[in-house]
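Enquirer: Chains as they are written, first to last, in the numbering used here: chain A, 36 to 391; chain B, 417 to 677.
Honestly, the hints are just simulated from the structure, not real lab data.
Pulled from the structure, derived: some chain A residues nowhere near chain B, Cβ distances all over 10 angstroms:
1) Ser50
2) Ile57
3) Leu70
4) Ser79
5) Glu207
6) Ser231
7) Val295
8) Leu359
Taking CB as the label site, the calculated pair distances span:
9) B:Asp486 <-> A:Ala301: 39 to 45 angstroms
10) A:Arg232 <-> B:Glu474: 28 to 34 angstroms
11) B:Leu513 <-> A:Ala250: 23 to 29 angstroms
12) B:Arg485 <-> A:Leu37: 38 to 44 angstroms
Derived DSBU-like pairs: lysine-lysine, alpha-carbon spacing no greater than 30 angstroms straight-line:
13) B:Lys553 <-> A:Lys161
14) B:Lys538 <-> B:Lys576
15) A:Lys258 <-> A:Lys161
16) B:Lys553 <-> A:Lys245
17) B:Lys488 <-> B:Lys576
18) B:Lys419 <-> B:Lys538
Positions of the beta carbon are idealized from the N, C-alpha and C atoms, including for glycine.
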Amino acid sequence: MLYRLAGIRHTTYRSARQLFPIPFDRKLLGFVILLGVAAPFYLSPLHLNSYLLPWVIWTTAALGLNLLMGWAGQVHLGYAAVMAIGAYAAIHATRFGLPLEAALLVGGLASSVIGLAFGAAALRVKGLYLAVTTLAMQSIVDWTIVHVPAISGGSQATLQAPTLRLFGLPIETDAGRYWYALGLCAIVTVFLLNVSRTSFGRALVAVREKDFAAAIIGVSPFKFKLLAFWCSSFIGGVTGAILAFCYYRAITPEQFHLEVSIQVVAMVIVGGLGSVLGSYFGAGLVLLAPIFLNNWVASLASALNLSLQTDVLSQIPLVLYGGLIVGFLLFEPLGLAKIYDNVRNYFLVWPFRHAR
Amino acid sequence: MLKLENIEVVYDHVFLAIKGISLEVAEGGAVALLGSNGAGKSTTLKAISGLLAPERGEVTRGEVLFKGRDFKRLSAPERVRLGIVHVLEGRHVFGHLTPLENLIAATSMHRSRAKIDGLVEKVLTYFPRLKQRINAKAGYLSGGEQQMLAIGRALMTEPKLLMLDEPSLGLAPLLVEEIFEIIARVNRETRMSVLLVEQNATAALSIVEHAYLIENGRIVMSGSADTMRSNPDVQEFYLGGAGRVDYRNVKHYRRRKRWLA
Numbered sequence: 036m037l038y039r040l041a042g043i044r045h046t047t048y049r050s051a052r053q054l055f056p057i058p059f060d061r062k063l064l065g066f067v068i069l070l071g072v073a074a075p076f077y078l079s080p081l082h083l084n085s086y087l088l089p090w091v092i093w094t095t096a097a098l099g100l101n102l103l104m105g106w107a108g109q110v111h112l113g114y115a116a117v118m119a120i121g122a123y124a125a126i127h128a129t130r131f132g133l134p135l136e137a138a139l140l141v142g143g144l145a146s147s148v149i150g151l152a153f154g155a156a157a158l159r160v161k162g163l164y165l166a167v168t169t170l171a172m173q174s175i176v177d178w179t180i181v182h183v184p185a186i187s188g189g190s191q192a193t194l195q196a197p198t199l200r201l202f203g204l205p206i207e208t209d210a211g212r213y214w215y216a217l218g219l220c221a222i223v224t225v226f227l228l229n230v231s232r233t234s235f236g237r238a239l240v241a242v243r244e245k246d247f248a249a250a251i252i253g254v255s256p257f258k259f260k261l262l263a264f265w266c267s268s269f270i271g272g273v274t275g276a277i278l279a280f281c282y283y284r285a286i287t288p289e290q291f292h293l294e295v296s297i298q299v300v301a302m303v304i305v306g307g308l309g310s311v312l313g314s315y316f317g318a319g320l321v322l323l324a325p326i327f328l329n330n331w332v333a334s335l336a337s338a339l340n341l342s343l344q345t346d347v348l349s350q351i352p353l354v355l356y357g358g359l360i361v362g363f364l365l366f367e368p369l370g371l372a373k374i375y376d377n378v379r380n381y382f383l384v385w386p387f388r389h390a391r
Numbered sequence: 417m418l419k420l421e422n423i424e425v426v427y428d429h430v431f432l433a434i435k436g437i438s439l440e441v442a443e444g445g446a447v448a449l450l451g452s453n454g455a456g457k458s459t460t461l462k463a464i465s466g467l468l469a470p471e472r473g474e475v476t477r478g479e480v481l482f483k484g485r486d487f488k489r490l491s492a493p494e495r496v497r498l499g500i501v502h503v504l505e506g507r508h509v510f511g512h513l514t515p516l517e518n519l520i521a522a523t524s525m526h527r528s529r530a531k532i533d534g535l536v537e538k539v540l541t542y543f544p545r546l547k548q549r550i551n552a553k554a555g556y557l558s559g560g561e562q563q564m565l566a567i568g569r570a571l572m573t574e575p576k577l578l579m580l581d582e583p584s585l586g587l588a589p590l591l592v593e594e595i596f597e598i599i600a601r602v603n604r605e606t607r608m609s610v611l612l613v614e615q616n617a618t619a620a621l622s623i624v625e626h627a628y629l630i631e632n633g634r635i636v637m638s639g640s641a642d643t644m645r646s647n648p649d650v651q652e653f654y655l656g657g658a659g660r661v662d663y664r665n666v667k668h669y670r671r672r673k674r675w676l677a
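Just chain B, with the same shape it has in the complex (with noise of 0.2 angstroms):
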C-alpha cells in the first residue's frame, strides 16, 4: 500500500539526512523501523506524513507511493484525508482543550455528526482510561494518557496507514505493554497498516510482521520479525544482547557493525 523507492531527504538544502531508503508497507500489515538514534527513522516518517517542510526539509529524489500514486507533492493535511496519519514523538496534544475537544479536533474531514460520536465511541473502547478524564483538561493528563489520546486523536481519521513515532516514550513497561497491546488489537481488527518507529526493539518486534534496520540514513537490513529477532547482530545492538554469557567462548573483540561499512 505504502511505497517508498529511493528516497532522499536534504535538510536545509545541504544536509542530507536519508541516502536513498526503500521500504514497502502492505494494506493491513505491520512494519517497524529499527535503529540507534539519529539514524533517520523519524525523518522517514515525516517524509511520509509530509511535516519535513517546517524543519526545511525536502524530499529531494525518488518516490513516495501511495496505491501506486506518488504523493509528494501534497500537503499535510491532504495526505490525512488520503488516509495517512503520524503520530508525533512526544505527543502534542492541545493542552487547553479536553480530550473529548481533541478527538473532535481531528474529525474535520468528515460530515456527518453520527459517524463522529460513533467514531469518539470506538476510540473511547480502545482507551477506556480515557473515557474517565473526557472532560479534564489535556493538559494535564498523566504522560501515558497524553500518548492514548494523540494515537487516539489519529485513529479519528480513519486512517488506512498509521504511523507511530516513539509511542513508548517515556512510559512506564506495563503501560507500554498496553499501548503495545491497542496497536496490535487495531491492527487486527481494522485491518490498518501500522508504521511503527521504537527504540523499544523487543516491544516492537513482538507486534510487527516485518522490520527495517535503518543506519545512517540508509536500510542496512531487513527481514521478517523473527528473523531479525533472531539475528546475533540485531541481538547484541538492539536488544540488549543474547542472554547469558558463555564465558569458555567469549570472544576477545566486541562484535562490530560490519554492514556499516
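Next comes chain A alone, as it looks inside the complex (with noise of 0.2 angstroms):
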C-alpha cells in the first residue's frame, strides 16, 4: 500500500545501490526534511530553543555514540567527557582567534586524540571490563577539566562562549543557530547512513559480531576498534563544540558529568543499537518524554483538581518516564528503531502476511 514496490525497476546499478530504492522512503524522507528545516517559521521560539534544538544536537551526540556501540560494539559510558574535551578545545580555539569551522576541527580532533588514546588502553579488554574503564576516562576527564582552571577557569566558573559565526558571519538569531546545529545533525546522519555500505562499515561489524572471525579474514579488530573509537570520539567533540555555542552558549563542567553520559547511552539503546533513525527516536524519547510528562501530569492534577503535593507531582513524571523506556523495551527489545521497521516491513508485505 504505502511503499509499493510493484513496478518499481532498478535499471542500472546507481539505481539500485542508491541509499532509499523505495520512492515512499524518499518522499517521506522530502518530507521530514522539509519539515525540520522549516521548523523556525512555524514553531515558537520555546519549542525551537528547548525542544528542536537540543533533539537535533543530542541525536548527532547519538548517532556518533551509535557508531561506536552500535556498529562496533564496543560500550563506552564516557561519552560526555568526549563532549566536553571537545565543547573546550573548541571554545579556547575560538577565543585563540581561529574561526569557527577551525575550532570545531580542533574541538573534534582534540576529543578524537584523548578519545583514541583512551580508547587503546582501554581495548585490552572487552565487554562489561571496556564499560568499566571508559568509565574511569569519564572520572578522569571531569576531574581534570574541574582542577586545571586554564581549561575551565576554576571548578564554579561558566565559560562564555563566542558569538556563532558562519565563514565570519555572525549568526545571533535562533533559526540560525538551529540550522547551523540541523546541518552538522544532517552531515553526521549521511556519513552514518553509508558507513554501513562501505568497507570500513563492515569490517566495523564483523568486529562486533565476531572478532576472532574478523582476523581470520583479514579485517585486524584492534585497529577497526581504534577507529571506531577516533570517529565517534571527533563526532562526539565536534558536537560537545555545538552544543556550547548552540545551545548552552557557556559551558561549565557540570554539564558534561557522568549522568550526561549515562543518558547518551540510554539514547543509543533506546532508540535502536546499530541504527540512524533509532538514534533520532531514542535522543528524542530520552530528552523530550520527561519533558511532556511532566506538563501532562501538571495539567492533569490541576484539571481533575487534585490536590497533590509537589514533591509527589515531580515524582509522578519521572515513574512514567522509566516505565515508558521498560515498557518500550519489552515491547520491542531491539529498539524504536525495530518498531518502525516492523510496522514498515508489514505494509511492504501488505496486502499478504509473510514474504518469503
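Put the complex together from the two separate chains, hints included.
Expert: Below you can see the structure in the form of C-alpha cells.
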C-alpha cells in the first residue's frame, strides 16, 4: 500500500544501490527534511529552542556514540567526557582567534586524540570491563577539567562561548543557531547512513559480531576498534562544541557529567543499536518524554483538581518515564527503530501476511 | 507420540520459513528429516524444542502435540521436563566446565543424587571416549568428543524424544559411524524416540524407520526408509546418484525436482 514495490525496476547499478530504493521512503524523507528546515517558521521560540534544538544536537551525539556502540559493538560510558573535551577545546580555540570552522575541527581532533588514547588503553579489555574502563575516562576528564583552571577557569566558573559564526559572519538568531546544528546533524547522518555501505562499516560489523572471525578474514579487530573510537570521538567532540555554541552558549563542568553519558547511552539503546533512525527516536524519547510527561501530569492534576504535594507531583513523571523506557524495551528489545521497521515491514508485504 | 499438524513458522513477523509441515514420531520410533540447505529442517526442530523466540521466530499456525497435548505455550526448559530434548547443530558445550560438569549441568530436573550418578554412569558407557577426558576442559575436547558430550548431555535429561541436528557435522567418517551406532543403540535399548536432521542421508537412512523430505518449508515426500532409499529422485539428489551410469540409457536432460512445482 504505502511502500509500493510493484512496478519499481532498477535498471542501473546506481539506482539499485541508492540509499533509499523505495520511492515512498524518499518522499517521506523529503517531507521530514522540509519539516525540519522550516521548523523556525512554524514553531514558537520556546519549542524551537528548548525542544527541537536540543533534540537535533543530542541526536548528533547519539549518532556518534551509535557508531561505536551499535556498529563496532564497544560500550562507552564516558561519552559526555568526549563531548566536554570538544566543547572546551573549541571555545579556547575561538578565543585564541581561530575561525569557528577551524575551532570545531580542533575540538573534534582534541576529542579524538584523547578518546583514542583512552580507547587504546581500554581495548585490551572487552565488554563489561571496557565499560568500566571508559567510566574511568569519564572521571579522569571530569577531574582534569575541574581542577585545571587553564581549561575551565575553576570549578565554579562558567566559560562564555563566543558568538557563533559561519565563515566569519556572526549568527545571532535562534533560527540561525538551529540551522547550524541541523546542518551538522545532517552531515553526521549522511556519513552514518553511508558507513554501512563501505568496507569500513562492514569491518566494524565484522568486529562486533565475532572479532576472531573478523581477524581470520584479514580484518584487524584492533585497528578497526581504534578507528571506531577515533571517528566516534571526533563526532562527539564536534557535537560537544556545537552544544556549547548553539545551545548552552556558556559551559560549566556540570554539563558533561556521568549522568549525561548515561543519558546518551540510553538514547542509543532505547532507539536501537546500529540504527540511524533509532538515534533520532532515542534522543527524542529520552530528552522530550520527561518534559512532556511533566507538563501532562501537571495539567492533569490541575484539571482533575487533585491537590497533590509538589514532591509527589515531581516524582510521578519520573516514574512514568522509567516505565516508558522499560515498556518500550519489553515490547521490542531491539529499540524504537525496530518498532518502526516492523510497521514498515507489515506495509511492505501488505496485503499479504508474509514474504518468503 | 510427537505430532506436528500443519505448522507455520514466521521469522521477524514477516518471513514465512515453514509453510505447513505435518509429521509424526511414534513412541520408540526413529525418524529422519532430509532436505537441502535452507529447506527448514532446523527451524522445524526449533519449533518443537521452543528455541524460535531468540531468533525472533514464532509458530503462527498449526498444532504441536506431544502425547496428544498441545505444548506450543511452554518455554524451552518446560519442554525438556516434558521429555523433549534438542541437541543443537554445532554442539554448544559449556567450554569452561569439564565434561562431567557439563553432564551434571543438565540434571536440574532430577532430585536424587544417586539417580544422577547412575545417569552419568550410563552416558559414559555409551561414550567411553568421554570417560578418558572426564576432567579436561570441555572447550579443549576435539569436535567429535564435543558432539558426544552434547548428545550425552541431552541424554542426562532422560528424554522421551531425542532431536539431533546434524550430529555428523565436521566429523570423520569413522566417528560419524560410531556416533550413529550409539544413537541407534540408545533408540533400540531404551525405546527413546529419535528425530534426526541430517545432511548425510545415507547414514541417516541407515538408522531410521521413516523419513520426511523437506523442500522450501514444505514436506514433499515421506515414506519408510527403504522406500525413500529406493526412490530414484532421492537417490539422485540426496544419496549422490545411483552408482554406475549406463551411458547407453543416459538421458539428455537433467533430472528435475518435479515435485517442487
